[in-house]
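Here the protein sequences line up with chains A and B, keeping their order. Residues in the first sequence are numbered consecutively from 316, following this note's numbering. Residues in the second sequence are numbered consecutively from -6, following this note's numbering.
Below, simulated EDC-like cross-link-like pairs (lysine to aspartate or glutamate); rule was C-alpha separation at most 16 Å, straight line:
| no. | chain 1 | residue 1 | chain 2 | residue 2 |
| --- | --- | --- | --- | --- |
| 1 | A | K752 | B | D161 |
| 2 | A | K674 | A | D436 |
| 3 | A | K607 | B | D135 |
| 4 | A | K564 | A | D767 |
| 5 | A | K562 | A | E761 |
| 6 | A | K674 | A | D437 |
| 7 | A | K366 | A | E688 |
| 8 | A | K753 | B | D161 |
| 9 | A | K519 | A | D498 |
Under 7 Å between C-beta atoms, here's a sample of chain A residues computed to sit facing chain B:
| no. | residue |
| --- | --- |
| 10 | G590 |
| 11 | Q592 |
| 12 | S742 |
Quick caveat, the hints were computed from the structure, so don't treat them as lab data. Beta carbons: idealized from backbone N, C-alpha and C, even for Gly.
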Amino acid sequence: MTPPRSAWRPALAALITLALAATGTAACGGDDTSGGGKTLTMWTFKQSHVKALQKVADSFAKESGITVKVEAYGPDDAFVTKVQAAAQTKNLPDLLEVHTNGDDLAFGAPGLLTDLAKDVDDAWLAGYLPAIRQDGVVTEQYYKQSLAQDAKTHGIKLGQRFSVPLTVGTFGIVYANKQRLADAGVTGAPATWEEFIAALGKVKAKYPDNGGVSIGLKAPTTGLEWFLQPMAYGLLGADKFHALFGKDKAGTFSSPAGVQALQTYGQVQPYWHPGTQSLDIDAADLAFAQGKSTFDIGGTFTLAFLAQNGMDAGNVITFPVPVPAAGAIKNMTLAPFTLTGVSVSSTTKNRAGAIQWLKYLAKADVSAMFAKEALDVPPTDLGADPAAAVGPALGAMIKAFGSGPSAYNPGDTTYRPNSYDGPTVASALMDYTPLAKKSAEQAGAEMTKVIDSYWAKQ
Amino acid sequence: MTVASQPKRRAPGEAVWGYAFVLPAIGLFLVMGVYTIVYGFSLSFATWNGFQPHWIWVGLQNYADLLWASPRYAPRVHQAALNTFWVMLAVPVLTVVVSFPLAVLLNSVRRLRTLLRSVYFVPQVTAGIAVYFAWQYVLQPDGAVNALLGALGLGSLRQPQGFLGNPDTALATLIVITVWSAVPVSMMLYLAGLQAVDPALTEAAQIDGAGPWRVTRDIVWPLVRPITAIVVLLSLRDSLQGFQTFLIMTNGGPGNHTNVLGLETYRLAFLSQLDPTLGLSSALGWMLFVAALVLAAVNLRVMRRAT
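For reference, chain A alone in the conformation it holds in the complex:
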């Protein structure tokens, strides 16, 4: 039977309906997370911050009537991918926790974040520690770096601010099991590198199976940046330390000074936790929390993870990676820098509410409440006795902070070549220790060769 001529009409109608439905769905999809009105959505990559932020948000809601919904997406790489996808589909949340002077500038460059420079005035900044007030701002240094065509921050403008500090801290903190140290006859935190190595020996003798040092060397930069660098800075002093990464062969890792730093670091070789080279950062911290290792190298942020995984904070001694007794810097401190900040997306429907939330987070008492709950160091000045506000473990870390040339600042990377690739350099170091595939001289030569190639390209 021949179909009637009008038979195509239902098909066409169905197609049009489908097309309209698809368009309608797409049009409606954009506003789900970017909450307008009285609800703000905030994304973070730190699970340990969710509860603390939500607690602060509850008190903020009572005060302002604005609700903040905190959602965690981790680990960091998954968070970045989530933001990438959300940016493409115009579904960014109102607020994002970001790595300061990293993600914030990279997200800000293509216009995903709103510029906060005009909102953050002197009165607001006065609440933060002086050393970190400019963190999140496009300074001369970051602006110059962004001018390279292939820079991830290409497009930022001098003076823009894309985040305000939420947590500060530093790398190069040693966590030790207090009870085991006492059992081995180590009564306090080692003051020098030599005392530290001696303590490692005593503990290893007492606890041969679980007396070692864990660190997440699956990410090779942890060994270089969290452990070797603070020690080498104290051993050599600022200028000679910077020269390790420089062009002049007289001062690089292959020089006598460089080899000395490597050999000093190599004294840890007998005390590594077995298999630490295969552990990621969380697994290494977990090994410490579970008692499989007695020492753990991390940063100020490690404490929160340890506590979250059942480690009794009262059984932990923390101290900065010690400096050799004959080191160039006798009383080395660690300079804090902003680890994470909060940014406001450019697509938020409630910019004023978001700014209000940021201001609220910057209040000293609110900041301390968040820090205590999250076991993380806040960016605000907590006075002469920070332990009273945030507890003894965090307080001890804050007391180790300092500034000036005698303070090692991991956030300062100006002495390295632009195309410096940490994992490659750190992998060469790993071949020396813990892998024991190369001598200190060979590893130093390899590290110098790699760094030289970066300078040659610059």
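Once you have looked at the hints, place chain B on chain A.
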């Protein structure tokens, strides 16, 4: 011309219905196939980090950077290429060496054949992220493999740093695990091939006095050579492009001793700390694609010659 031979006229509505049904498939192919291929290929000539509003065209620079020009990327790619070469060499050979005898054994047993087939197929059914994590635990310094070796009096074979922590054993261990997950499918392919072998041929050989080894070597093995070609091709493709085992179990470590090209492609795309390396990742992906095409062509030629 007779009436019967006249072409049947289709009503216009019928054609519209036809197009209406075909259109979604064409649309999907255009979006998921053509668009992504063209997009990915174009990206290999640009730098972009997924956030920047515009791509920066760099011509063939990404390819040059990966192959020799960049001190940052070229050495990593060279090391990964070398590791990939070893994987591509070892995995197909070991897969054939393990799966063919297993299939012959399985084909010869009369009882419990179905049960044994299921048991040998377990790695294929369970292979995935959880299993690779389980392997990781088993291979740790205090894991089951070291414990077993100790219990068997083979303490000298124990790895104090774990099998994945020692750069001398890490790559070999990953190869063994890759083979472990590749054997089930290969074995099933061989089994299918063996069941298609005409029993008259083997019986004739047996009547002529050939033993089981001779029958397998001179009758069965040549007959299943096309299956071997498929197994080798699949293993080569997996070795060249697969990386999940390496990502989960070592992430290329310790140091950079188990990095492979597939993993490097993934790292450049998703683990580059927002550096604009999506173009590099795409370029490396296309180079792998070309390598896979060449391998497929070589394999096809070998197969033709063998059959």
